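Q: With the sequences and hints as input, model every part of the structure.
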Amino acid sequence: MKHDSKFTNQKFKLVGTRVMRPDGVDKVTGRARYGADTFAPGQLVGAILRSPHAHAKIRSIDTSRAEKLKGVKAVITSADLPDLTDGDSDLYDILENCMAREKALYDGHAVAAVAASDAETARKALKLIKVNYKILPHVTDVDEALKPGAPIIQPRVLTKDKPHKPTNNAGVTTYGHGDVDAGFEKADVVIEKSYKTEQVHQGYIEPHACLASMGPDGQGELWVTTQGQFAYRNWCAALLGMEMSQLKVTSSEIGGGFGGKTHVWTEPLALALSRKANRPVKLVMSREDVFRGSGPASSTSIDVKLGATRDGRIVAAHAALRYSGGAFPGISGDIGAMVAWACYDIENVKSVGYEVVVNRPKVAAYRAPSAPMAGFAIESTVTLLAGELGIDPVEFRLKNAAREGTRASYGPTYGPIGIVPSLEAVKNHPHMRARLGKNQGRGMACGFWFNFGGQTCADLAIGEDGTVALSVGTVDVGGARASLSLIAAEELGIPYEQVRCNIADTASLGHNDMTDGSRGTFSSGMSTIFAARDAIEQLRERAAKTWDIDVENVSWKNGKAIAKGTRKSLTLAELAAASSNTGGPISGHNQVVADGAGVSFASHICDVEVDPETGATKVIRYTVVQDAGKAVHPDYVEGQFQGGAAQGIGWALNEEYVYGEDGRIQNPGFLDYRIPVCSDLPFIDTVILEVPNPNHPYGIRGVGETSIVPPLAAVANAVSNATGVRMTHVPMSPPRILAAINASLPG
Amino acid sequence: MPKVELFGGLRDAVDGAKSVSVEGKTIRELLQNLAREYPPMQERIDQGIAVAVDGVIYRDDRDQPIPKGAEVVLLTRIAGG
Amino acid sequence: MKGIAVSTTVNGDAVEFVCHGRETLLDVLRNHLGLIGAKEGCGTGDCGACSITLDGQLVCSCLVLGAEVEGREIETVEGMADGDKLHPLQKRFLEKAALQCGICTPGFLIAAKALLERNSNPSESEIRYALAGNLCRCTGYDKIVRAVSAAAGDMRRQQKAEAKRKSSR
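Chains as they are written, first to last, in my numbering: chain F, 1 to 747; chain L, 1001 to 1081; chain X, 2001 to 2169.
Please note: incorrect hints may appear among the correct ones.
[As the list claims (entries may be wrong)] Covered stretches of chain F (in silico footprint by chain X; criterion: 3 or more residues with CB under 8 Å from a CB of chain X, positions within the stretch not fixed):
{"no.": "1", "stretch": "18–24"}
{"no.": "2", "stretch": "203–209"}
[Said to hold, decoys possible] Covered by chain X, per the in silico footprint, the following chain F stretches (three or more residues, Cβ under 8 Å):
{"no.": "3", "stretch": "29–41"}
{"no.": "4", "stretch": "249–255"}
{"no.": "5", "stretch": "475–485"}
{"no.": "6", "stretch": "625–639"}
{"no.": "7", "stretch": "643–649"}
{"no.": "8", "stretch": "665–675"}
[As the list claims (entries may be wrong)] Here are the simulated distance ranges between beta carbons:
{"no.": "9", "chain 1": "F", "residue 1": "R101", "chain 2": "X", "residue 2": "H2020", "range": "31 to 39 Å"}
{"no.": "10", "chain 1": "F", "residue 1": "M244", "chain 2": "X", "residue 2": "T2044", "range": "33 to 41 Å"}
{"no.": "11", "chain 1": "L", "residue 1": "Q1047", "chain 2": "F", "residue 2": "S64", "range": "35 to 43 Å"}
{"no.": "12", "chain 1": "F", "residue 1": "V551", "chain 2": "L", "residue 2": "K1025", "range": "33 to 41 Å"}
{"no.": "13", "chain 1": "X", "residue 1": "A2081", "chain 2": "F", "residue 2": "E120", "range": "28 to 36 Å"}
{"no.": "14", "chain 1": "F", "residue 1": "E537", "chain 2": "L", "residue 2": "A1070", "range": "29 to 37 Å"}
{"no.": "15", "chain 1": "X", "residue 1": "G2003", "chain 2": "F", "residue 2": "N439", "range": "54 to 62 Å"}
{"no.": "16", "chain 1": "F", "residue 1": "D90", "chain 2": "X", "residue 2": "T2044", "range": "29 to 37 Å"}
No wet-lab data here; the hints were simulated from the structure.
Here the structure is a predicted model, which is why all the values come from computation and not from measurement.
Cβ atoms here follow ideal geometry from the backbone N, Cα and C, with glycine treated the same way.
A: And the structure:
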């Protein structure tokens, strides 16, 4: 039965209330089980040998001495992972990224792995593996990689123009409409500026961890911390030559992902080790391995040109955005170009995205992939131009903001969107009128991100006592089980406490796309609504049977079937208790491609205080305004806003991968890769707007990602306001700010 | 015949054109007809394509009907984090 | 490899285990004693996810050797609740939604408990600096600070009520 996903503007009893999450007690008592929190009898410890070179040919690998070490049960190299990708280049890149084949492509690239009886033996075994490298010249900078003569990293990436030569430029994509040249002619003021952002990591506190168990019958089980148990199953099965149904993947609780757990790195290796050793293998990444061998975000180099007339209308906008994809081509540049001008209504607009291959880890999504960097460049320039025109930065944005009916810079025409409401909310927020002290400044910025739907299904099983087990397939990254239980309870008309939501493994539910793209609550919420309505259909039929009337004469309200026109009713519990006599167990099911999710806008306000003697900068006040469509559980919506803002602040002020001349990461640890700590931040105020999404029955929009987009520019604009100095290089660490302040001083 | 606009790297598959005319009552039909007229499009479709119909972006649902006169835009199919 | 036999107290219970010289207390808690509440986020004492108290002092268990805890007293998150009665910090963390993924939560609870034991009425700034050794990537710390502040209030009220009961006897 196809359900209608259009917004119906119903009144809610439960949705929108702040209930206790079902997994909460386990998490405050230490009972919750994350990736490394499981143990199997006879398990071995897995460990990975990683390349210490940024770019090197692997001439040979001698594992013989490691194999002979007492306690070592399996050693693998790429020879143990035959190429079964059959022409699928994306899958081949995953295979090669998981373990180097002919070349090590970045510092940290896995080249071999062992499984041993304990960690000590595994460490010793790694030291006994002899890898014969031929070191090659490397390039890690996104602009250096595009220069003629730069070392070529992926010889199969060829120039589009003839003669087709190998290049590090893996793709150019263009978005926009109108005529930017003509537009700039009309402008009274034009600003051109270039920006650079350094590579950052999602920084989840839980390293990648899994327990792989392969049996001699070719069946396998994988317990793993992941954002997508089905995606991991599909990739691992493909890489190991298994059928999907032979591999059961169970997602543990996840200790943070933010896009960094949407790819496989060690999991196929753990399975391959387990298969070779015929024992379970537990493989946990060290923090150093996480920095060197998982998927950070791109580093970028961006040129912006923006022109407006004196009345404050933007007449032309151009951006060239160069994104490093790491050692394998992706679509980071494409996405950056797509989102760059998305907040604005511009007649002549163009963005060109470049995908650049460098000797760095293969990038993965970080919340709203590619958007924060573009946001930094664009929003800094917008505020600069407002300043040149003498117009208030919020007013300038309101004058040019996209609205319903605006042609987006990336092509389609917008439906109802939340950017103007978010800007109005910022304009009227008391934060904007708070007094600023010495060395303090204020900045604001807006941001855009898509929301996605995707393949989703849910099972809503009603127990014989009328309580509900809701099984969904989207991993719960931060409280979604509470929201989904609220939705089920709302639909069925029963108390929240009578619904228990659990995350199914790959053998227990149909395919579900990952929890990414801000889709978890949006799509599993939609599927839960329809699964509940499916269950209600069945409950009405059971009641009709019991009363021997037509099902059309049975309605469902407040958890009861009611025979229309009478006082006769049957509660869900009563119907469940009698289910064995009326047709068996009652279970609602839904599968849906939850497509047509809306887009999401946010505007942030940031106050900073800059120490002019050291460049040290502290955020002293921060406000997030974002559209959630409908906040199912407001605490967790606020949490997403605050968490994304904090990550953006870290990105803006301190976080970066520092590469040495040798192309190696110098700071693969939390001491020197400095994420915000509790004393770095103020309370983060949040304003949840609710502009309903017309394509969801409750109007829900995704919220998880957009809040990481505005902070980089909000902080930069605040620093500019505080110091008079415009920062164009992120992170704006103290040495950089100090250098900029000193450079701006007279004499 | 509905006008379909293309963005990103998709224009290369239609000889650089910014838009093409192609029939399709649903997204599936539209893409099938497009691939028939411009064979290089098939590879792009297999790699991942999203279709925006009247401003709403569809990444997977090929059954989505395309009303007469609808604005149709083809984009790279992207994912989030 | 010769193991080292250790006798110690964990959450009030007498415990014995055998470990080798290089194993950290974190390794011992997780791999030998089944106490998985303490987490390894970095292994180098930078993230605080492995926080426990050792003779009442807040430490990173990844920086303590298993062999070092002979005859000492260890408290982990598993010992915070009194049977099925949650500690005020645990209650407030839940009520204030001070956790999203929850991986850092055991460490924060132990660190916050250590703070409140020496300072029963900490200011926002004191809370923030006391917890600066615990990294959280999900929450931005806002709701954590609010939860600790609220729990501090609960505990002060509890202590006042208990003192009143004792004095009225």
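Q: Taking the hints in turn, state whether each one holds.
A: For each hint, the structure was consulted:
no., hint, verdict
1, 18–24, "holds (count 5)"
2, 203–209, "holds (count 5)"
3, 29–41, "holds (count 9)"
4, 249–255, "holds (count 3)"
5, 475–485, "holds (count 3)"
6, 625–639, "holds (count 4)"
7, 643–649, "holds (count 4)"
8, 665–675, "holds (count 4)"
9, F:R101 - X:H2020: 31 to 39 Å, "holds, 37 Å"
10, F:M244 - X:T2044: 33 to 41 Å, "holds, 39 Å"
11, L:Q1047 - F:S64: 35 to 43 Å, "holds, 42 Å"
12, F:V551 - L:K1025: 33 to 41 Å, "holds, 34 Å"
13, X:A2081 - F:E120: 28 to 36 Å, "holds, 35 Å"
14, F:E537 - L:A1070: 29 to 37 Å, "holds, 32 Å"
15, X:G2003 - F:N439: 54 to 62 Å, "holds, 58 Å"
16, F:D90 - X:T2044: 29 to 37 Å, "holds, 35 Å"
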